[in-house]
Structure formats: C-alpha cells, structure tokens
Amino acid sequence: MFEITDQVLNAEAVVEKVSHTGAGGIVTFIGVVRDASRQRKVLYLEYETYREMAEKKLADLSGEVLTRWPMTRIAISHRVGHLAIGEAAVVIAVSSPHRREAFEACEYAIDRLKEIVPIWKKEAFEDGEVWVGLESETPRGL
Amino acid sequence: MKVTVKFFAGLRDAVGEPEITIDLLEGTTAGALWDQCAVRFPGLGAVESTILTAVNREFAEAATGLRDGDEVAFLPPVSGGTDV
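Chains as they are written, first to last, in our numbering: chain S, 1 to 142; chain V, 1 to 84.
Some hints here could point you the wrong way.
A few chain V residues that don't get close to chain S, going by computed Cβ distances all over 10 Å [stated by the list, open to error]:
| no. | residue |
| --- | --- |
| 1 | 2 |
| 2 | 8 |
| 3 | 23 |
| 4 | 24 |
| 5 | 25 |
| 6 | 26 |
| 7 | 42 |
| 8 | 58 |
| 9 | 65 |
| 10 | 75 |
In the DSSO-like style, the derived pairs of lysine-lysine whose C-alpha atoms are separated by at most 30 Å in a straight line are [unchecked claim]:
| no. | chain 1 | residue 1 | chain 2 | residue 2 |
| --- | --- | --- | --- | --- |
| 11 | S | 122 | S | 56 |
| 12 | S | 17 | V | 6 |
| 13 | S | 56 | V | 2 |
| 14 | S | 56 | V | 6 |
| 15 | V | 2 | S | 17 |
Which residues of chain V face chain S? A few of them, derived with a C-beta cut under 8 Å, are [to be verified]:
| no. | residue |
| --- | --- |
| 16 | 6 |
| 17 | 54 |
| 18 | 57 |
| 19 | 62 |
| 20 | 64 |
| 21 | 73 |
| 22 | 76 |
| 23 | 77 |
| 24 | 78 |
Calculated from the structure, these hints are not laboratory results. Using N, Cα and C, we set each Cβ at its ideal position, and we do this for glycine too.
Pulled out of the complex, with its shape left as it was, chain V reads as follows (with noise of 0.2 Å):
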C-alpha cells in the first residue's frame, strides 16, 4: 500500500524534504512508519521523543494502523511562547 508521508517545520529540515511517498505492508502502524523514516532519514532520531503523529489531518498514535492511500504528518511540538 502506498502513504503519503508530510513533514513539518525542523522534521522538514532534516528530511530534506516536505513530503514523500511510501510503500509500506498492509498493517504498518505509524509508529513502524516513523522507525522506517528515521533509518533512511538520521536526522530525525534525535528528536523522536516530542514528535506528535496525524493520519488524515487529525492526532493519531504510533499504535495507529495505516491503510491505503492515508496522509501521514509528523508534527513537531506546536509552537507555544513561553510564559517566561
């Protein structure tokens, strides 16, 4: 099954670019989704702690199941100000 893949702001950085698309097997969780990305792109690895996960435009975790033809998006934290 094929996803598109979309990256956002530093994730976008350290790609290289703001989208891809994937082959994946049926059944691959998000969460498999984002290990495969993080093997072909290294720079991700280093900030998969605070990355927030959508499928379809709406929050989605790395437990979620892909199907064929979803929009993965891996978000970094919202941009907040600080209260300081």
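Just chain S, same shape as in the assembly (with noise of 0.2 Å):
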C-alpha cells in the first residue's frame, strides 16, 4: 500500500497497514524536515512530484521488498506541496515474523526511494531558494 498526499502524515495509520498477527516487528521510518541544510537555516520545503511515475515506482518498490523479504508487509505514505519544519515528509511503515527483515526491508526501502521515485524538494532559505540536486539558485524576488 502506498500513497502521495498534500495531507499532514499520520504515522499510526501507516503502521495499521502492515500490521497484522503474523508480524512480530514493526519498523517505522519518518523522514522530517530539518532546520539546517549545509549550514544554512531552512525556512520550509516544497516538495513536488511526477505523480503518476511516482506512483508507478512506489509500486515497484513494493514489489522489489515483498521479493527480497517475502513475509513482509510494506506501506508508504509521502507527503507533497509546503511543508514546515519539524513536518514529517514520509513515513514507510514494515512489519515482518521476526524484527531483523523489518529492520533491513525498511532500510532499503528509504534508501531506494531516494534513487528511484520522481519527488523533489525545494529548501527555501533567507535569502534563496535551491531545488537539492541541482547546483542554480534562484534568489527570491526573481
């Protein structure tokens, strides 16, 4: 199960997803916005998407889990639009018999996410604002 929201995340109803009484961990991930990025403060993030290719690699993701990890379960919630600091952005929520696939599966789940789903944030700063990943800036008021 996964989703894409402009909605505030709500973590537990994530973890209801996959749980179930076979699974004995449940591991949560939250990925926050943080107030700090390379030494600059960080007002807000804007996080933008190519939905219907997201969704598609979400669903790969998915797939790629329940292959390499067969008894868990996977849920994803990402969240889009303005976001503040202290938000959280997503939340990936794994369950499994035994808490060490929980673990690993949910690792590699945030890490492939990054690789692979079309979300970009922008960090807005004092006195800018910069896509991550790309190295143009663009000073406010342009």
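Join the two chains into one complex using the hints; note that each chain is given alone, in its own frame.
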C-alpha cells in the first residue's frame, strides 16, 4: 500500500496498514524536515512530484521489497506541497514475523525511494531557494 | 510525430512551462529531443549532466527511440536528503 498526499501524514495509520497477527516486529521510518542544510537555516520545503510515475515507482519498490523479504508487508506514505520544519515528509512502515527482516527492508525501502521515486524538494532560505540536487539557485523575488 | 514533454522542479523553472507538445521526426531519440529542448530553452543547458529521462513513466536512456504519442519527462536528480 502506498500513497502520495498533500495532507499531514499519520504514522499510526501507515503502521496499521502493515499490522497483522503474524507480524512480530514493525519498523517505522519517518523522514522529517530539518531546519539546517549545509549550514544554512531552512525556512520551509516545497515538495513536487511527477505523480503518475512516482506511484508506479512506489509500486515497483514495494514489489522489490516483497520479493527480497517475502514475509514482510510494507506501506509508504509521502507528502507533497509546502512542509514546515518538523513536519513528516515520508512515513514507511514494514512488518515481519521477526524484527531483522523488518529493519533491513525498511532501510532498503527509504534508500531505494530516494533513488527511483520522482519526488523533488526545494529548500527555502532567507536569501533564496534551491532545488536539492541542482546547483543553480533562484534568488527570492526573481 | 508528436510527443509530450514534461519538465519538473528546477527544469520547469528554467523552461517556464511544466509541459509542451513538440513535433519530431520519426526515430528521434530522447537524447536528440533533449538537445532540441536545450536550444529552445537555453537555461536547460547548464544542468545537462545530471538529468534523468523517462519515457512513458519508465526510466530511459538517451538512445531510446521515441514514438508518436509518447510522454517524455526530463527529471532532475531525485531529492535525497544528505547524510551530512
């Protein structure tokens, strides 16, 4: 189960999606907006997505996890739009009969998400905005 | 043939539009399409080395041949956080 939403994320709801009586361990990753990037103070973030492809790649990613760790269940919820410092941008929950697979699969899932899922963030500073990954910077007001 | 070309994030800022429709010769590759776009929108040229290409919502190579009705997207590097 996965979703891309502009609503505030609910980690409990994501955990509930993977809970079942056979799961002895549930691992949750929450990606949170930080207040500093490369020593500069971040005011807020804007997340943007190529939604149709991102949904496809989240499905592919879930398939990879289930192939490699067959007894797990995974749920991913990613937020887009304007996010303030301290807000959750992504929640990943993985359940498994035993905890080792849940830890491994959850770490794999977030690392892989950052490789293949087309979601981008723009960091807003006092004196400009930067799309993370591109070097050029847009000064405010232009 | 006609293809749709989508731009995202910093690329959309450079182009000024999120999507265009473009007429191409049969057999044009994604790489050749990028070159055409870089000429038409000069701001794109500066970021070329790190761009990913998608055709019909799957990652593609510069050498991928395009067909009528394809949806091409030029994608900046996917947002990571850094580990720093």
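With 10 Å as the threshold, tell me whether residue 58(V) passes as away from chain S on beta-carbon distances.
Residue 58(V) is in fact no farther than 10 Å from some Cβ atom of chain S, at 8 Å.
Close enough to count: is the Cβ of residue 6(V) nearer than 8 Å to one in chain S?
Residue 6(V) check passes; min Cβ-Cβ to chain S is 7 Å, inside 8 Å.
Close enough to count: is the Cβ of residue 73(V) nearer than 8 Å to one in chain S?
Holds - the Cβ of residue 73(V) comes within 8 Å of chain S, reaching about 6 Å at its closest.
Beyond 10 Å from chain S, beta-carbon-wise, is residue 23(V)?
Since the minimum Cβ distance to chain S is about 23 Å, residue 23(V) lies beyond 10 Å and the statement holds.
Minimum Cβ separation between residue 24(V) and chain S greater than 10 Å?
holds (21 Å)
Quick one, are residue 2(V) and residue 17(S) close enough, alpha carbons at most 30 Å?
violated (42 Å)
Residue 56(S) and residue 2(V) were given as a pair; does the straight-line alpha-carbon distance stay at or below 30 Å?
holds (24 Å)
Regarding the hint that residue 57(V) lies at the interface with chain S, is the smallest CB-CB distance below 8 Å?
Holds - the Cβ of residue 57(V) comes within 8 Å of chain S, reaching about 4 Å at its closest.
Closest CB-CB distance from residue 42(V) to chain S, is it above 10 Å?
Holds, since 13 Å exceeds 10 Å.
Is the shortest C-beta separation between residue 62(V) and chain S less than 8 Å?
Constraint on residue 62(V) not satisfied, violated at 18 Å.
Min Cβ distance, residue 64(V) to chain S: is it shorter than 8 Å?
Since chain S brings no Cβ nearer than about 15 Å to residue 64(V), farther than 8 Å, the hint is violated.
Quickly compare the C-alpha distance for residue 56(S) and residue 6(V) to 30 Å and report which way the hint goes.
The given pair, whose Cα atoms are some 17 Å apart, holds under the 30 Å limit.
The structure is inconsistent with the numbered hints 2, 8, 10, 12, 15, 19, 20, although it conforms to all the rest.
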